[in-house]
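Chemist: Chains as they are written, first to last, in the working numbering: chain A, 1058 to 1290; chain B, 2 to 452.
One or more of the hints may lead you astray.
As the list claims (entries may be wrong) - Taking lysine-lysine pairs in the DSS-like style, the calculated list, with each CA pair at most 30 angstroms apart, reads:
(1) B:442 to B:401
(2) A:1282 to A:1130
(3) B:363 to A:1146
(4) B:136 to B:147
(5) A:1130 to B:214
(6) B:136 to A:1130
(7) B:136 to B:3
(8) B:3 to A:1201
(9) A:1130 to B:177
(10) B:3 to A:1146
Worth flagging that the hints you see were computed from the coordinates, not collected in a lab.
Computed from a predicted model, the values in this text were never measured in an experiment.
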Amino acid sequence: MSGNGFAVRAENVTRHYEMGTAVIRAVDDITLAIRTGEFVALLGSSGSGKSTLLNLMAGLDRPNGGAIFANGKNLSEMSPLELARYRSKAVGMVFQSFNLLPRMTLEENVELPLRLAEVDRGERGQRVAEALERVKLDQRMGHKPSEMSGGEQQRAAIARALVNRPTLLFADEPTGNLDSTTGETIMQLLKEIQGHLGMTIVMVTHERPLAEKFADRIVTMADGKLVSDGAAR
Amino acid sequence: MKAGDLAELGLRNLREAVLRSSLTTLGVAVGVASLVAWLSLGVGLQTLATKRLSNSGLFDTVIVTQKRSEQSRRRPPAEVSPAAGARVLDDEAKKELEALPNVIEVYSQVRFPTEVRYDGAPYSTIVAGIPASAKDNGSFDEMQGKFFSGPEVDEAIVQIEFARDLSAQPSSLIGKELVVRYAERQALPASSAPANGDGNGEENGGGFSVVPKEKKLRIVGIVETEPAAGFGGFGSGRLLIPLEVANSLRAAQVNDLRDLVRANSNRNVYPSLTVRAKSPALVAGIEARIKAMGFGTFSLLDAAKSLQTFFTIFDMLLFIFGSLALAVATLGIINTLVMAILERRREIGILKALGAADRDVKQLFFVEASVMGFLGGLLGVGLGWGVGRAVTFGTNLYLKRQSLPPADVFALSWWLVAGAIVLAVVVSLAAGLYPASRAAKLNPVEALRYE
């Protein structure tokens, strides 16, 4: 946890890309603090910088300026190995396109973070079963992603994100590839996880109705800057 | 990631691209096979050459003589005149030589001209005494029949040319008997002995008489050449008998008349002694010690060294030639792994997002490279062995047509098998360095965007 009850805190964070002579400021001097156990939705149109900010907070990318604090440590000052450990132990990631490995079964996909975190083999089976039970896929362990619907795949991805028992869950457009009913089911699942496990959830979305219905707080971005920050309802 | 998980994931990745992995592994196998085949051929030829030479008994042997006088340096060892004040090669000297480290045995050469009677016909030849130890040094490995059944048995081994003189079908001689007619030395009593040049009388008689004798021997084997043939003088023996039997015959030898007129003829003086070392590598040290004792020596050590140098260069050239195919296979591994990075870019991104460190990604590629190298190495050794067998088969067919005995020109040793597999793994790991490092450095955000 970050200090003062904050799970993640970004201070004057900047991330820009150089495209030839042009400089694209994907994230431009953003300061944002997310409290522990909070469900925050990052809203904004395409190219507003919300996914870039999410990646920076998840330790997948490094800022050009500013600092991001998580678990009391500045991510920008971490070594690549420390950053990998942070992603492995403290963070769970859910993507728009599920990103399950197609050649692995559901069980193997969910077990993968446990392998990377060097969890003992004896403990893995139970952890995988628990995670799949939470997303109600414990009967589909032997199935491959291609044998599952989009909603099931996303639930499997959520189980994979939870299996290492992280404190932070970052979701990048988790309903983007799903129909509205399935999307709502996924949001319901995230909300349950937040309630039961007390996890901090940061979700990027462009679907304002879903954000308003399930998130505690909505942060809106445009052109790399924060344009609004307030309670969802 | 733990080693077991790395291995599991690496093997899974290889299985998932089974065709490409198999072709790359086959490439490594061909490279290793080429290396193994060439090197085994080199080692085989070297073994064949050294075995033939070693069987000749030339390279583990030092002939010891009294120190030569300047005038006799160019003559064979058995015909030398001792230098003034040189040590005498007597029983005491023989004991000293036997006590030297790494010496297996010391024996005098017994070699005398004789007449052999076989099937009623006389044949002139030279009889040579063979020590019992010759049985174990490989000299008689490829003989027809068998070696002497004991050190003091009345048996003979016939050299093949002489056997052809005796019979049109040499192999039929085995089990047959022949008679050796020779001149036995019989010491004269002291009273009848003439005085020596220095005026001292002899204790045991200063001369000998020669009495014709016969000895019946059973032929037990036929050998291509006498070991150490002609080495030490008097030409090669064509009828070989146990050394103990040869000594017991007390046959008059070429040096007898010369020794008779020498001042020390009252003692048992040897014209030369053969000293056998434990291995050819120890000959140099033994030779130096014997020289320091004040004797003259003769060995074929320099010839052995030249042979070793030749084969070292020969093997090196074969290694370089064989390595070319392995170098091409290395490019195949690099290509396969670079292609794997392109194909698995997104997967690498997912692994990194889930907590894989750069090190984990790198190790995963190393596992894949080393598995391909190991399997390629194993398969390559098998292929190389097959090629070697085929070469040996073809060579022996050719040798048979030329009426020459078969030869094993291919020697695949355990060190070569292990070395080839280790080399294949090391080369594969080296080939995996660049792709692994490139994969590890992938930016996870960019990799996840990759479709």
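Chemist: For every hint, state whether the structure bears it out.
Modeler: Evaluation of the provided hints:
Note on residue 442 (chain B) and residue 401 (chain B): the hinted pairing is violated, with a Cα-Cα distance of about 62 angstroms set against a maximum of 30 angstroms. Under the criterion of a C-alpha separation no larger than 30 angstroms, the hint pairing residue 1282 (chain A) with residue 1130 (chain A) is consistent with the structure, at around 24 angstroms. Proximity of residue 363 (chain B) to residue 1146 (chain A) is assessed by CA-CA distance (about 20 angstroms); at most 30 angstroms being required, the pair is judged to hold. With a C-alpha separation of about 9 angstroms, the suggested pairing of residue 136 (chain B) with residue 147 (chain B) holds against the 30 angstroms cut-off.
Using a Cα cut-off of 30 angstroms, the hinted pair residue 1130 (chain A) and residue 214 (chain B) is violated, with the two alpha carbons roughly 108 angstroms apart. Taking the CA atoms of residue 136 (chain B) and residue 1130 (chain A), the gap is near 81 angstroms; set against the 30 angstroms cutoff, the hint is violated. For the given pair, residue 136 (chain B) sits about 58 angstroms from residue 3 (chain B) by alpha-carbon distance, which is inconsistent with the 30 angstroms threshold. With a CA separation close to 24 angstroms, the supplied pair residue 3 (chain B) and residue 1201 (chain A) stays within the 30 angstroms bound.
Annotation: proposed proximity of residue 1130 (chain A) to residue 177 (chain B) is violated, straight-line Cα distance about 99 angstroms (limit 30 angstroms). A C-alpha spacing of about 16 angstroms is found between residue 3 (chain B) and residue 1146 (chain A), which places the hinted pair at or below 30 angstroms, so the restraint holds.
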